[in-house]
Every structure is written in C-alpha cells, then in structure tokens.
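K.L.:
Chains D and E, in that order, give the protein sequences. If you count the first sequence from 1, you need to add 40 to reach our numbering. If you count the second sequence from 1, you need to add 40 to reach our numbering.
Be a bit skeptical, because a hint or two may be false.
Intra- or inter-copy, both count: the list cannot distinguish identical chains.
What the hints assert, rightly or not - Restricting the straight-line Cα-Cα distance to at most 27 Å, the calculated cross-link-like pairs of lysine-lysine (DSS-like) are:
1) K92 x K42
2) K75 x K63
3) K236 x K75
4) K236 x K132
5) K236 x K92
6) K191 x K42
7) K99 x K236
8) K92 x K191
9) K75 x K191
10) K132 x K191
11) K97 x K191
12) K191 x K236
13) K99 x K75
14) K75 x K97
15) K191 x K63
Don't read these hints as lab results, they were simulated from the structure.
There are 2 protein chains.
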Amino acid sequence: MKRRLLLVSNSTLHVGRYLQHCKQQIQDFFWKVRKRILFVPYVLHDRDTYTKTARDKFKTLGYEVDSVHETPDPVDAVRKAEGILLVTEIRKRVLEDGIPYMGSSAGTNVSTISINTTNDMPVVYTPTFAAIGLVPFNINPHNLDPDPSSKHMGETREQRIIQYHEEPDTPCVLGLREGSMLLVEGNNATLLGCTKARLFQRGTQTTGYEPGSDLSFLRTDAQ
Amino acid sequence: MKRRLLLVSNSTLHVGRYLQHCKQQIQDFFWKVRKRILFVPYVLHDRDTYTKTARDKFKTLGYEVDSVHETPDPVDAVRKAEGILLVTEIRKRVLEDGIPYMGSSAGTNVSTISINTTNDMPVVYTPTFAAIGLVPFNINPHNLDPDPSSKHMGETREQRIIQYHEEPDTPCVLGLREGSMLLVEGNNATLLGCTKARLFQRGTQTTGYEPGSDLSFLRTDAQ
Numbered sequence: 041m042k043r044r045l046l047l048v049s050n051s052t053l054h055v056g057r058y059l060q061h062c063k064q065q066i067q068d069f070f071w072k073v074r075k076r077i078l079f080v081p082y083v084l085h086d087r088d089t090y091t092k093t094a095r096d097k098f099k100t101l102g103y104e105v106d107s108v109h110e111t112p113d114p115v116d117a118v119r120k121a122e123g124i125l126l127v128t129e130i131r132k133r134v135l136e137d138g139i140p141y142m143g144s145s146a147g148t149n150v151s152t153i154s155i156n157t158t159n160d161m162p163v164v165y166t167p168t169f170a171a172i173g174l175v176p177f178n179i180n181p182h183n184l185d186p187d188p189s190s191k192h193m194g195e196t197r198e199q200r201i202i203q204y205h206e207e208p209d210t211p212c213v214l215g216l217r218e219g220s221m222l223l224v225e226g227n228n229a230t231l232l233g234c235t236k237a238r239l240f241q242r243g244t245q246t247t248g249y250e251p252g253s254d255l256s257f258l259r260t261d262a263q
Numbered sequence: 041m042k043r044r045l046l047l048v049s050n051s052t053l054h055v056g057r058y059l060q061h062c063k064q065q066i067q068d069f070f071w072k073v074r075k076r077i078l079f080v081p082y083v084l085h086d087r088d089t090y091t092k093t094a095r096d097k098f099k100t101l102g103y104e105v106d107s108v109h110e111t112p113d114p115v116d117a118v119r120k121a122e123g124i125l126l127v128t129e130i131r132k133r134v135l136e137d138g139i140p141y142m143g144s145s146a147g148t149n150v151s152t153i154s155i156n157t158t159n160d161m162p163v164v165y166t167p168t169f170a171a172i173g174l175v176p177f178n179i180n181p182h183n184l185d186p187d188p189s190s191k192h193m194g195e196t197r198e199q200r201i202i203q204y205h206e207e208p209d210t211p212c213v214l215g216l217r218e219g220s221m222l223l224v225e226g227n228n229a230t231l232l233g234c235t236k237a238r239l240f241q242r243g244t245q246t247t248g249y250e251p252g253s254d255l256s257f258l259r260t261d262a263q
C-alpha cells in the first residue's frame, strides 16, 4: 500500500500561528513531492479567505496551493464532486498512486472511516457520515481532557466517544490532543507532535500513547 | 394555539441532583395534568436505567412515568415510530390537544426546528436533522460561554452558531445556559431559571436576556 498521510489534530495552537506547530513535519512529509498541493477548503464558509491563509503559509514552505473551489466547474458540478467524485478520486490517488494527503482537524476527520467523532454541532446536514476511509479507524481531533474544575454538565469528549462505542461495529477512535498528529506511511503509523494521544476501543480500557509511539497495529483494526 | 412547553437547558446542575434545579417549574408546569407522563428515553443507550432515574424523580413529584421504549411493540415498530409516527403524534398532541411537553437537553433540541444546534459529536447517524417543530426557532441547550483562560483552539459554541447562521434561511438560536429554561404557553414565552440566555440571530448582534424576560416575540420568527 502506497498510502502516505499526515493527520494533524489542529491547524493552530494557542501560542503560535497557522500550521506553525507542525511546520517541520509538513516539510518532512511533502519533501521531494512536486511543488503543487491541492487544498480542499470546504470546512469553512469563506473559502477564499481560508484558501489565502493556506496559500500564504504553504508559499513560505515552498509550495503552490491549488484550491478545488477555484476550479472553473460550475457550482453544481463542484457540489456533486465534493460528495461523490472528489471522495472517490482522493481515495484512489492516495491509496493507489501514493499522493501524500495531509489533513488538519476536519481534514483529519474526513480521512478516516466516518465523521461520527468530529466535535461540536452538526450545523450543516450531510447525507452520509461515511468518510474517505484512508485509515481503518476514526480520529477525534482537538481531543480535550475533562477540566476537573469545570461546573459544566455537558458530556465530555470521552463520554461521547463511549456513547459512540455503545453502537455495534464501531471502530476504535484515536483521540489526538491539540499539538498531536499521526504519520502514516504504508502500513506504518507513528504518533508525532508535542502531546500524548488516547486510543478508545470498544469494550476495552482506553490507552495513552507518548509522541514517537508506533501505532502500526491500528491497521489490523480492519473495516 | 394550545401549546404548553417547558424547555430546559440541562437535567442536572453541577451542584444538585437530577431535575432538582427545575423541580418547582416542573410542578407548576404539570399542575392539574393527569398523573401519567410519557417519557422518551432515546437519547441514551441504556434506556432502562434512564427511565428508572426519571421514574423515581417524577414519583417524588407525584407522577407516574410511562416510557415509550417499554411499549409491547416490537423493536422495529418502535424504531419506525421514533422517526416518523412518534414525531407526528407528539406534534399533534402538543399543538392540537394541548398536552404539556417538557424537554431537557436533547428533549429541548428535538422540540425545535432542527437538531443542527445540538452539542458535541454526532455519534449516531440520523437520516434527517429536522425536529418536531413545536417552536419556530432553534435552541442550543448547555450553552457555554468561552473560557478566557482556555488554551483550547476548538470552536466555541458561539462560533459554531455563527457558522450555522452562515447558511441561508436558518432560524434564530436561543442559547440556554445551564440552569435556564423556556416556558411556552400558547403564543407567550418566558425565560425562567437562574441564568441568563443569549439570542443569536442571523446577520444581527447577539442579545442577552435576564430570567423573567418575555420572549413571546420569538413566535414571529416564523418559518
């Protein structure tokens, strides 16, 4: 399998600028790749501004950014492509052609089995929660530990993931705290970054992993 | 319109037991109602335990609780009912027959236009986000103010609601902080409880409201 993925928890850390905390990993990851990167900005409403942010950042790293939302296709075609063709095409190019895929936050969510373990409100309806499936498990980016001093009674991330695992046949969920990222190369997976990650498995105790951990065993949690 | 609704932000406050903070409002609300209350426990996986919690609590207030999940219908029928018949039937009984409806947290979400402004992860796929529509606006229960000391970079509730309002034709969203609830009687709506609420409107500044505020104008935010 040719797959090469860099799945980042979050684009911006509390102290730092856009993609600054994973700049080194991005440079290592895209090294020797041709100089053009395709950017998918659909997570935000203002796609022009978001594309400019990404374009400016990647320019400082030596890459040109093309955004799918700037293609000459009419809006309808882009919308259809977004739901069907784009997902299939991304999957094909990443898994068969070995084109490197980097996601951060929402881009990490959509690379997994499903978007059931994204955070916050489902403010836009999607006809399916199925995702691109570049890895055979789910990820919860921006994973957050409960604040012991909080008086808020809403469910914690851990409680929601446990509820997710109350459903049958749900894959394990890798909780990537902010500052954390997963590098996947073929069948090897390594935890990178400055924070630890947590692995939530259905019916099993949650396990913590330090940066540098080999998480290649996750490939056996097959679909 | 006969509608009578009590829409509570949350079932349990940090200090206190299940439904304790809104006990008085529940007693005022169900006063003179027949002694049986129909409980819909589908928000949690363990419906027996959740029903027992509600049943025990309402017993101390003088009410018997029937849970829809205990009906003799087979599972499939209940599942279908949950999605179609139950919603239609609840809507009919509340709006036409004047049966009082009380919701808390998820029960508040499903009483509104849609569940787009529920919190946290969409851990279970639903074929529609449309809700029962007992009021012509949305509610965000457990509404939470940003913590100025937090270093977490995930979106705040306010940011998500603003993203919701980037979509066309989205209704206003009443943010009910924990401890807050909305009493709707016919065309009158009053904010009750111990915390303030925030009203998010598309293209307009957010407005805060004190407990006791008359929010009857929300009925004019018609679809």
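K.L.:
Next step is simple, just say for each hint if it's right about the structure.
P.N.:
Structure-based check of all given hints:
{"no.": "1", "hint": "K92 x K42", "in the structure": "neither (30 Å within a copy, 53 Å between copies)"}
{"no.": "2", "hint": "K75 x K63", "in the structure": "within (16 Å within a copy, 64 Å between copies)"}
{"no.": "3", "hint": "K236 x K75", "in the structure": "neither (32 Å within a copy, 53 Å between copies)"}
{"no.": "4", "hint": "K236 x K132", "in the structure": "neither (31 Å within a copy, 51 Å between copies)"}
{"no.": "5", "hint": "K236 x K92", "in the structure": "neither (31 Å within a copy, 39 Å between copies)"}
{"no.": "6", "hint": "K191 x K42", "in the structure": "neither (47 Å within a copy, 37 Å between copies)"}
{"no.": "7", "hint": "K99 x K236", "in the structure": "neither (30 Å within a copy, 46 Å between copies)"}
{"no.": "8", "hint": "K92 x K191", "in the structure": "between (39 Å within a copy, 25 Å between copies)"}
{"no.": "9", "hint": "K75 x K191", "in the structure": "neither (49 Å within a copy, 34 Å between copies)"}
{"no.": "10", "hint": "K132 x K191", "in the structure": "neither (47 Å within a copy, 37 Å between copies)"}
{"no.": "11", "hint": "K97 x K191", "in the structure": "between (39 Å within a copy, 22 Å between copies)"}
{"no.": "12", "hint": "K191 x K236", "in the structure": "both (25 Å within a copy, 16 Å between copies)"}
{"no.": "13", "hint": "K99 x K75", "in the structure": "within (10 Å within a copy, 69 Å between copies)"}
{"no.": "14", "hint": "K75 x K97", "in the structure": "within (14 Å within a copy, 64 Å between copies)"}
{"no.": "15", "hint": "K191 x K63", "in the structure": "between (36 Å within a copy, 20 Å between copies)"}
Violated hints, in rising order: 1, 3, 4, 5, 6, 7, 9, 10; the structure is consistent with all others.
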